[in-house]
Amino acid sequence: MFKSFFPHPKIFFLSVIIYSIMACSIWYEFSEQMALWMGLDLSNKAPIIGLGYFISDSFLLFYAYYFICTAIFAGSWFTLCPHKWQWWSIVGSSAILFSTYYSVQVSVAINNWRRPFFDLIQSLLKPIDANTTVKVASQQDLTSAAHQLFNLIILFGEIAFLAIVIYVATRYLVSHYIFRWRTAMNEYYIQNWPQLREVEGASQRIQEDTMRFASIMESLGVALVDAVMTLFAFLPVLWSLSNYVSELPLIGKIAHPLFFASLFWSIFGTGILAIVGIKLPGLEFNNQKVEAAYRKELVHGEDDNTRAQPLKLRELFYRVRKNYFRLYFHYMYFNIARMLYLQADNIFVFILLVPTIAIGAITFGILQQIMTAFGQVSSSFQYLVNSWTTIVELLSVHKRLIAFESVLVYPDKKRTQSSNKTNR
Numbered sequence: 000m001f002k003s004f005f006p007h008p009k010i011f012f013l014s015v016i017i018y019s020i021m022a023c024s025i026w027y028e029f030s031e032q033m034a035l036w037m038g039l040d041l042s043n044k045a046p047i048i049g050l051g052y053f054i055s056d057s058f059l060l061f062y063a064y065y066f067i068c069t070a071i072f073a074g075s076w077f078t079l080c081p082h083k084w085q086w087w088s089i090v091g092s093s094a095i096l097f098s099t100y101y102s103v104q105v106s107v108a109i110n111n112w113r114r115p116f117f118d119l120i121q122s123l124l125k126p127i128d129a130n131t132t133v134k135v136a137s138q139q140d141l142t143s144a145a146h147q148l149f150n151l152i153i154l155f156g157e158i159a160f161l162a163i164v165i166y167v168a169t170r171y172l173v174s175h176y177i178f179r180w181r182t183a184m185n186e187y188y189i190q191n192w193p194q195l196r197e198v199e200g201a202s203q204r205i206q207e208d209t210m211r212f213a214s215i216m217e218s219l220g221v222a223l224v225d226a227v228m229t230l231f232a233f234l235p236v237l238w239s240l241s242n243y244v245s246e247l248p249l250i251g252k253i254a255h256p257l258f259f260a261s262l263f264w265s266i267f268g269t270g271i272l273a274i275v276g277i278k279l280p281g282l283e284f285n286n287q288k289v290e291a292a293y294r295k296e297l298v299h300g301e302d303d304n305t306r307a308q309p310l311k312l313r314e315l316f317y318r319v320r321k322n323y324f325r326l327y328f329h330y331m332y333f334n335i336a337r338m339l340y341l342q343a344d345n346i347f348v349f350i351l352l353v354p355t356i357a358i359g360a361i362t363f364g365i366l367q368q369i370m371t372a373f374g375q376v377s378s379s380f381q382y383l384v385n386s387w388t389t390i391v392e393l394l395s396v397h398k399r400l401i402a403f404e405s406v407l408v409y410p411d412k413k414r415t416q417s418s419n420k421t422n423r
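Heads up: the sequence shown at position 322 corresponds to 321 in the working numbering, and the numbers run straight through without jumps.
If you are wondering where the hints come from, they were derived from the structure by calculation, not from laboratory data. Take these hints with a grain of salt, some might be off.
[As the list claims (entries may be wrong)] Derived pair list, reagent style DSS-like, types lysine-lysine, alpha-carbon separation capped at 30 angstroms:
no.: 1; residue 1: K9; residue 2: K83
no.: 2; residue 1: K2; residue 2: K288
no.: 3; residue 1: K398; residue 2: K2
no.: 4; residue 1: K9; residue 2: K398
What you are looking at is a predicted structure, and each value in this text was computed from that prediction instead of being measured.
Model the full structure from these sequences, guided by the hints.
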């Protein structure tokens, strides 16, 4: 799967990890010095509202740094280990990482917009008391307030339009990237077809499993990259917003309570569902095996009158039925646990903020920012929770393709499978 698209996969991914750690360390340690060298100013910490956020000095520095790091890494691999798919596997991967990070930064820009917008709404909404005479605002005040609201709405529209452009461009790039990966796998298997054709279900592995692997990776891979990039972007935001929250229910005062609460809640949910759903990957794999056996007997029955007899078909379908019913049972209690957790997650942040809201320590705008940042961080940490069913399917496909490719690594296994196939 990987060797067809990436050059020396084990060495490549190890180098990606090491190089990423080095690049991030240099960025966090020396970004201010690099900014001074380029004549940029990173001292302004106030959030910028609108599209100006994306052309601030810190972003301009990041664009240049990311491009240079990508060029160095790609150039090194292009020189040391040329590969047919290197532009897609290396440069394409970097482009997807950048566009996904940019998409997450759009969410950060919208979160920055929430505070002035909702604070303005809070200031304009007057509490109505039956015993109090409502003071009518002057025409000048109404015009000024409406002007501010429309300006903020226009700013949101600009950011939202950019979000649409980035989303469409990223999905288009990812679709082509994944299909190139499938093409590389297809060419690799066809090249080794003389060895692979003896494997039971070889045609299904090449056509169906590569297709499923590509489609799953398209959705699951993007979600994973998005979750990681969201953590990089919103963890600092949640860390700073935790300064507005002094204590948590039952626990009391702790430093940066929202950050640690989101970390605990996400790890708790992920751990619980991983334990509850531990049997699902194996059952999905067995499901493919019994379905393949049933399908194979039907295919042989089309050309051989002695095959696909009713008694044999009933026996094979009984195995299909038995495995599906086991799968339904295990998914039943998994879905109960998953939905209980997700429903509790909807109100968890409000439970945390009860003491803070009760004393009026935050404004409506800050509340909106906290809810968004907490939700983004929690959903990123809950990647396994939200994607567990798809991950189970991917593990099943991966397991089948690994077993399929093992014939090329262990030729004796091919002879054994061929012998078994002949005996049947």
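These are the hints, each one checked on the structure:
Annotation: proposed proximity of K9 to K83 holds, straight-line Cα distance about 17 angstroms (limit 30 angstroms). A distance of roughly 25 angstroms separates the Cα atoms of K2 and K288; the hinted pair therefore holds under the 30 angstroms criterion. With a CA separation close to 16 angstroms, the supplied pair K398 and K2 stays within the 30 angstroms bound. Proximity of K9 to K398 is assessed by CA-CA distance (about 18 angstroms); at most 30 angstroms being required, the pair is judged to hold.
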